[in-house]
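Dock chain B against chain A, hints included.
2 protein chains.
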Amino acid sequence: MRDKKICIVGMGLLGGSFAMGLIRAGNIVYGIDICEESIAYAKENGYITDGSVSGYGRFVSDADIVVLCLYPHVIIDWVKKNAALLKKGAVITDVCGVKCGIVEKVQSILGDKAEFYSGHPMRGKEVLGVKNADCGIFKNANYILTPTKKNTKEAEAVIRDMAETLGFVTFSILSPEQHDKMVGYVSQLTHVIAVSLMTAADRAELAPYAGDSFRDLTRIATIDETLWSELFLRNRENLIGEIDRFCASMKEFKEYLDREDEVAIKELLRLSTERRRRFDKS
Amino acid sequence: MRDKKICIVGMGLLGGSFAMGLIRAGNIVYGIDICEESIAYAKENGYITDGSVSGYGRFVSDADIVVLCLYPHVIIDWVKKNAALLKKGAVITDVCGVKCGIVEKVQSILGDKAEFYSGHPMRGKEVLGVKNADCGIFKNANYILTPTKKNTKEAEAVIRDMAETLGFVTFSILSPEQHDKMVGYVSQLTHVIAVSLMTAADRAELAPYAGDSFRDLTRIATIDETLWSELFLRNRENLIGEIDRFCASMKEFKEYLDREDEVAIKELLRLSTERRRRFDKS
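So the protein sequences, as listed, match chains A and B. For the first sequence, the numbering used here assigns the number 9 to the initial residue and increments by one for each residue that follows. For the second sequence, the numbering used here assigns the number 9 to the initial residue and increments by one for each residue that follows.
Note that these hints are calculated values from the structure, not bench results. Mixed in with the good hints there might be a few duds.
Just so you know, same-sequence chains aren't split out, so a pair can sit in one copy or run between any two.
Calculated cross-link-like contacts (lysine-lysine; reagent style BS3-like; alpha-carbon spacing at most 30 Å) [as the list claims (entries may be wrong)]:
{"no.": "1", "residue 1": "K262", "residue 2": "K13"}
{"no.": "2", "residue 1": "K274", "residue 2": "K88"}
{"no.": "3", "residue 1": "K259", "residue 2": "K189"}
{"no.": "4", "residue 1": "K133", "residue 2": "K274"}
{"no.": "5", "residue 1": "K274", "residue 2": "K139"}
Just chain A, same shape as in the assembly (with noise of 0.2 Å):
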């Protein structure tokens, strides 16, 4: 992709990272946000072409596509209160990790004005601000889409062209319900593992004993707050089911760690590396 206008709304790690690999490509990128600094920031680093925290109405009606790198509950927000500005037949996405409860309202709030097609990159960093933006973070990463009946395969042949000059490789598409029942398991449970695992008793002074299986089990521990607190409350029977189903299975280990049961714990272990290795990268 190169030569289009692309407005990024929300000039955090993944909006800057976004605006990065965007124009570096040789597109033309507009970067909306609050603060002052994060504008200031990406203009001085060229993230950004043009930016704004005010007055920014010419940049969306220009914008051929717009990135809502927002928080979920700002999303609904900001479209209500935008939807006029968009240009006719511009492209509207987001990278928001659940999707239910926010993709079909954006889509009801634009009607036929502009075409609202979700996704979510998979990828990361576990630090925040445009300070940190990387695009060399999406490099053979994951790109899950979520279209409903309302999207056109024109507008998925957009956002697969972006994510694929910003460095994605792999594109699933999913159902929002499918979408968050995954992310129930394979992100969220995960998080809320290691987060639980932190907050169960202070064990600093263990520090200078954690091997490699510690640090890597517990890195997505360090975890924003504010954005998490939401993803998890907006998914949150997904989540809960996910939860009884894990500690069910913690339950019956301490049970055969009760009653010495070598055989039941060698099955679990046995099954346990048998179904590890089909999440190996092939």
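This is chain B only, laid out in the frame that chain A set:
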């Protein structure tokens, strides 16, 4: 350490890696195993000076240091059977992941014949066998020493010297009880979590969507069932305590989700982030 005579008992991943590193540093290394093929492989690849599956008495008798790279339950039997062969003043050590029930028993079998100074090299790999041996894994790693009142400073110096030769740079001294409590949290609980996540449900269809966080968290779900079932059971009281604390923490998280308590969830995420930062490598 160089020009020492070192006998490695158990030519697996760890035994092979010890042999490889110690022979390269200029020591005479003997290898003992019950598997002909492992000894042959170690010889062919120059990991050992000599070795055998039987008639290995001369290697044991000649050794200044004997390193037991055996499954926990085999250690005591091996020492009982071979104590008489040990050279007076030899230092015996092990690499076992659980210490209680092993260290004092081995020391009492040996009496004044030779000194058993137990240790735990905190580095491994998710693969087994001498064919995966790699002495590079020990570079900059952590070695835990677990002496009792029966141990001497002289033997400690021998083990440290050997470990430094292999690349270990930090050393900690813990009692066998402190060691087992520590591994219950930083190592065993994390393995049980990874295993339980894989055994909770068959979700192989989600493999294409699993990102780095899922892969990092479950990397250790590929696990040697014979070794780890024994380690878990030998440390079951500590491990059950850790599982209970962790599950209580998961339950708390779930309750906050249930009642949509955003403030409480944010507080857990904030606490998690703060605590995890103290585990970052300085």
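Pop the pair K133 and K274 into one bin, within, between, both or neither, using alpha-carbon distances up to 30 Å. between (36 Å within a copy, 19 Å between copies)
Up to 30 Å between alpha-carbons, please classify K259 paired with K189: within, between, both or neither. both (23 Å within a copy, 20 Å between copies)
Evaluate K274 and K139 at a C-alpha cut-off of 30 Å and name the case that applies: within, between, both or neither. between (48 Å within a copy, 24 Å between copies)
At most 30 Å between alpha carbons: which applies to K262 and K13, within, between, both or neither? Neither, since 57 Å and 44 Å both go past 30 Å.
Have a look at K274 and K88 and pick one of within, between, both or neither, based on CA distance no larger than 30 Å. Classified as between; 27 Å across copies, 56 Å inside a copy.
Figure legend: structure checked against the earlier numbered hints; the only hint not met is number 1.
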